[in-house]
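Note that the protein sequences, when read in sequence, are chains S and D.
Here the first sequence stands for residues 1 to 428, where the numbers follow our numbering.
Here the second sequence stands for residues 1 to 428, where the numbers follow our numbering.
Treat the hints with care, since some could be wrong.
Any copy will do: because identical chains look the same in the list, a pair fits if it lies in one copy or spans two.
In silico DMTMM-like cross-links for lysine to aspartate or glutamate, where the CA-CA straight-line distance does not exceed 20 Å [said to hold, decoys possible]:
1. 38 x 313
2. 246 x 232
3. 38 x 275
4. 38 x 352
5. 246 x 354
6. 150 x 65
7. 338 x 425
8. 338 x 56
9. 266 x 256
10. 246 x 207
11. 150 x 179
12. 266 x 412
What the hints contain is simulated information worked out from the structure, not anything from laboratory work.
Here is how the chains run, residue by residue.
Number of protein chains: 2
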Amino acid sequence: MDPLSSPLLTDLYQLTMLQAYFEREMTDTAVFELFVRKLPPGRDFLVAAGLEQALDFVTELRFGDEELDWIERSGLFRREFAARLGQLRFTGDIHAMPEGTVFYPDEPLLRVTAPLPEAQLLETRVLNLVHFQTVIASKAARLRRAAPGKGLIDFGLRRAHGGEAGLLAARAAYLAGFDGTATALAAPLFGIPVFGTMAHSFVQAHDSEAEAFAHFAAAFPNNAVLLIDTYDTVEGARRAVGVSGKLKGVRLDSGDLDALSRQVRKILDDAGRTDAIIFASGNLDEARVAALVAAGAPIDSFGIGTGLTTSADAPYLDAVYKLEEYAGQPRRKRSTGKATWPGRKQVYREYEDDGRFRRDLVSVDGEAHAGEPLLRLAMQQGRRLPQPDLASSRAHCLAQLRCAPEGPYPVEISAALRALAAQVDRVT
Amino acid sequence: MDPLSSPLLTDLYQLTMLQAYFEREMTDTAVFELFVRKLPPGRDFLVAAGLEQALDFVTELRFGDEELDWIERSGLFRREFAARLGQLRFTGDIHAMPEGTVFYPDEPLLRVTAPLPEAQLLETRVLNLVHFQTVIASKAARLRRAAPGKGLIDFGLRRAHGGEAGLLAARAAYLAGFDGTATALAAPLFGIPVFGTMAHSFVQAHDSEAEAFAHFAAAFPNNAVLLIDTYDTVEGARRAVGVSGKLKGVRLDSGDLDALSRQVRKILDDAGRTDAIIFASGNLDEARVAALVAAGAPIDSFGIGTGLTTSADAPYLDAVYKLEEYAGQPRRKRSTGKATWPGRKQVYREYEDDGRFRRDLVSVDGEAHAGEPLLRLAMQQGRRLPQPDLASSRAHCLAQLRCAPEGPYPVEISAALRALAAQVDRVT
Numbered sequence: 001m002d003p004l005s006s007p008l009l010t011d012l013y014q015l016t017m018l019q020a021y022f023e024r025e026m027t028d029t030a031v032f033e034l035f036v037r038k039l040p041p042g043r044d045f046l047v048a049a050g051l052e053q054a055l056d057f058v059t060e061l062r063f064g065d066e067e068l069d070w071i072e073r074s075g076l077f078r079r080e081f082a083a084r085l086g087q088l089r090f091t092g093d094i095h096a097m098p099e100g101t102v103f104y105p106d107e108p109l110l111r112v113t114a115p116l117p118e119a120q121l122l123e124t125r126v127l128n129l130v131h132f133q134t135v136i137a138s139k140a141a142r143l144r145r146a147a148p149g150k151g152l153i154d155f156g157l158r159r160a161h162g163g164e165a166g167l168l169a170a171r172a173a174y175l176a177g178f179d180g181t182a183t184a185l186a187a188p189l190f191g192i193p194v195f196g197t198m199a200h201s202f203v204q205a206h207d208s209e210a211e212a213f214a215h216f217a218a219a220f221p222n223n224a225v226l227l228i229d230t231y232d233t234v235e236g237a238r239r240a241v242g243v244s245g246k247l248k249g250v251r252l253d254s255g256d257l258d259a260l261s262r263q264v265r266k267i268l269d270d271a272g273r274t275d276a277i278i279f280a281s282g283n284l285d286e287a288r289v290a291a292l293v294a295a296g297a298p299i300d301s302f303g304i305g306t307g308l309t310t311s312a313d314a315p316y317l318d319a320v321y322k323l324e325e326y327a328g329q330p331r332r333k334r335s336t337g338k339a340t341w342p343g344r345k346q347v348y349r350e351y352e353d354d355g356r357f358r359r360d361l362v363s364v365d366g367e368a369h370a371g372e373p374l375l376r377l378a379m380q381q382g383r384r385l386p387q388p389d390l391a392s393s394r395a396h397c398l399a400q401l402r403c404a405p406e407g408p409y410p411v412e413i414s415a416a417l418r419a420l421a422a423q424v425d426r427v428t
Numbered sequence: 001m002d003p004l005s006s007p008l009l010t011d012l013y014q015l016t017m018l019q020a021y022f023e024r025e026m027t028d029t030a031v032f033e034l035f036v037r038k039l040p041p042g043r044d045f046l047v048a049a050g051l052e053q054a055l056d057f058v059t060e061l062r063f064g065d066e067e068l069d070w071i072e073r074s075g076l077f078r079r080e081f082a083a084r085l086g087q088l089r090f091t092g093d094i095h096a097m098p099e100g101t102v103f104y105p106d107e108p109l110l111r112v113t114a115p116l117p118e119a120q121l122l123e124t125r126v127l128n129l130v131h132f133q134t135v136i137a138s139k140a141a142r143l144r145r146a147a148p149g150k151g152l153i154d155f156g157l158r159r160a161h162g163g164e165a166g167l168l169a170a171r172a173a174y175l176a177g178f179d180g181t182a183t184a185l186a187a188p189l190f191g192i193p194v195f196g197t198m199a200h201s202f203v204q205a206h207d208s209e210a211e212a213f214a215h216f217a218a219a220f221p222n223n224a225v226l227l228i229d230t231y232d233t234v235e236g237a238r239r240a241v242g243v244s245g246k247l248k249g250v251r252l253d254s255g256d257l258d259a260l261s262r263q264v265r266k267i268l269d270d271a272g273r274t275d276a277i278i279f280a281s282g283n284l285d286e287a288r289v290a291a292l293v294a295a296g297a298p299i300d301s302f303g304i305g306t307g308l309t310t311s312a313d314a315p316y317l318d319a320v321y322k323l324e325e326y327a328g329q330p331r332r333k334r335s336t337g338k339a340t341w342p343g344r345k346q347v348y349r350e351y352e353d354d355g356r357f358r359r360d361l362v363s364v365d366g367e368a369h370a371g372e373p374l375l376r377l378a379m380q381q382g383r384r385l386p387q388p389d390l391a392s393s394r395a396h397c398l399a400q401l402r403c404a405p406e407g408p409y410p411v412e413i414s415a416a417l418r419a420l421a422a423q424v425d426r427v428t
């Protein structure tokens, strides 16, 4: 069994609830919506991502022999449950915002309409996939806006939270406008451009820095980016310009990147290496990148590692997947601080003449409103509809980033939705 | 190809460096060490975890046809490189601290001794696996110490960073003293106890809370834990005690958990449900748990979600994998703020008479010192040595947590190691 596509990669309570639902044939149509309750500190908006992996999971959802064997052996369930699970497939609809769409709190970015057990079972893994990529795309979008015209490369696999996180972070960052990743597997898996230079260990494994540089430049005659900070950055730059043949660029990974990049640029230019680029990395985030850009530091490309792939300043979103309707009845949770808007919803976005977002409206699905409806059908009766490829989603996201205002943004709740909530409260 | 065990799940520069190493037959023995440069805010110590998954990765390391095909097609490498990669296996030694060991900055927790290309290639994925589980085990240890005698369950799969993160977080938390997880797959995969109750959607899908509770209690006659905060927690508690048959417990997921747990305990006791437990969840971390415990809130078990599985207050460590020796010569990086101690090292720990840690000493490997050497041989000439099972590692970790002092802890650098660093600086 592949752990990452196993239906047991879920919370146990999904399975206990399913057993109870099956026992009473509670299989009427349920509507669940995935949304974020509030923005984390330091975010003006979020970027929807992860739909493709969520659709993969839903499409392949089935309990295989190994899973059913565990269900039977676990002692947690009744005998007849495994047989019922063995037949389970997802037969419902999914509406979603296209990947790369900018969205705001209280706006559903994904809606599942399916028989209750099927829709319930999606919760954990769909949230897991969509939440994480949305975290990363939202972080990457901030870096993209902080460094217009500069190269941005994901360097963060080693400190991502596991292997899937590293891969999906590379994807989500590219979706949100990064130029590529250092993660090799992202090339064959997602078609993302990959970049790589050298590590300090390469320099250290040679008897001298000059020997290491000469060796690497000879091995990659058109492509060598030399890491120059292992011992002394300025000395390293002087040694780098001495290699024979083309020097694609140098990388700085420590110290005062503003001052060092200016010194290094001068050394490169004085040696006639005017087309050699300067690459900077080392604990960067959007604030440091913006400061370097504002200061005019002559850095061409930034490698962003841990700060990107863990979204270190905001490593999670208050993302939830909530039942909004069952058997034709709108439902609503009223827990303190966690109340939800009931029923099937749609999000309409109105635009200024120049394309910038004017305001969003969260409405009851089916209400007629001005603006563009953001939720679109992505899966119908268990069959996925064609989705944009990653390059198209990236172009869509970059266009969105040009149109999303900075600062607070108006998201309104329609009068009909408010009336529906009041009505649900009266009857529950 | 399984992405998580693919050798392409690495930084591209590992591959470019390998090509350069192979071209000049730079295949002498290299020694790399994995260590953490400094503690993140809010941590007095760290807990080593992830060795088992790292050894799995190293043991299975090989380039299959799909990977070699990409190497050839990518246009990034020379023709002969793929053939060489196809033969690559890990043939070296790995020394490591046993999982569950408490450790401190500057102490290697893992040391790789192997031909340079093999040792270099391990960097990204070994760091990825060991860093993440160490992050989570270190966080879970704080929760364990904050709630002596209380149940602690991992609830965090949905907001973990991908599926592998969710699974490995369940494992690392259990290793550090959690009692179990909600992630079903952790049971068949790791043998970890799994726990599950119900979601708000279960309550909402029924026409009334009382009906939902009666249904669930009938479906799980000895095991029902009822979630009572969907509409009103105190009303929910009154409804819960009304179910027929055994009530295992109730769960609170919002509001003032201290006040509510007292009200709910009284309702349970007054109804003769004295053995029903109270389970609490909802944005908990070690500070909130410690406050609830200190206040005497009658909560039996805590479910910890996002705060655990993203280690939200410290989502990464400054963990690195550095070349310390090549071809018999100690090596050292001197980059600003990132200098390393050279050579193969060992960590000795001295204890007080009651077993508490007195001080650690980082020394050159082979120096004789008082205290217990913490790095042990885990893989020899490419063959892994038997490791403790997860239950044994958990017992080891719990013993460590009883002996690790709070606050600053003395980690000393041996005189021989200081002398070696000075000597390396003179020759580089």
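Outcome of the hint check:
1. In this assembly of identical chains, the alpha carbons of residue 38 and residue 313 lie at most 20 Å apart whether taken from the same copy (15 Å) or from different copies (18 Å).
2. For the identical chains of this complex, residue 246 and residue 232 are neighbours neither inside a copy (22 Å) nor across copies (71 Å), given an alpha-carbon limit of 20 Å.
3. Taking identical chains as interchangeable, the C-alpha atoms of residue 38 and residue 275 are never at most 20 Å apart, the minima being 45 Å within one chain and 38 Å between chains.
4. Proximity of residue 38 to residue 352 under the C-alpha cut-off of 20 Å is found in neither arrangement, the shortest distances being 25 Å within a copy and 49 Å between copies.
5. In the homo-oligomer, the alpha carbons of residue 246 and residue 354 never lie at most 20 Å apart, since the shortest distance is 44 Å inside one protomer and 64 Å across protomers.
6. In the homo-oligomer, the alpha carbons of residue 150 and residue 65 never lie at most 20 Å apart, since the shortest distance is 50 Å inside one protomer and 36 Å across protomers.
7. Taking the shortest alpha-carbon separations for residue 338 and residue 425, only the intra-copy value of 15 Å comes in at or below 20 Å, while the best inter-copy value is 59 Å.
8. In this homomeric assembly, residue 338 and residue 56 never come within 20 Å of each other (Cα to Cα): the closest approach is 30 Å inside a single copy and 42 Å across copies.
9. In the homo-oligomer, the alpha carbons of residue 266 and residue 256 lie at most 20 Å apart inside one protomer (16 Å), although the nearest pairing across protomers, at 61 Å, exceeds that limit.
10. Taking the closest pair of Cα atoms, residue 246 and residue 207 never come within 20 Å of each other, the shortest separation being 23 Å inside a single copy and 73 Å across copies.
11. When the C-alpha separation of residue 150 and residue 179 is checked against a cutoff of 20 Å, the pair qualifies only within one copy, where the shortest distance is 9 Å, while the shortest distance between copies is 48 Å.
12. Taking identical chains as interchangeable, the C-alpha atoms of residue 266 and residue 412 are never at most 20 Å apart, the minima being 53 Å within one chain and 42 Å between chains.
When each numbered hint is compared with the structure, violations occur for hints 2, 3, 4, 5, 6, 8, 10 and 12.
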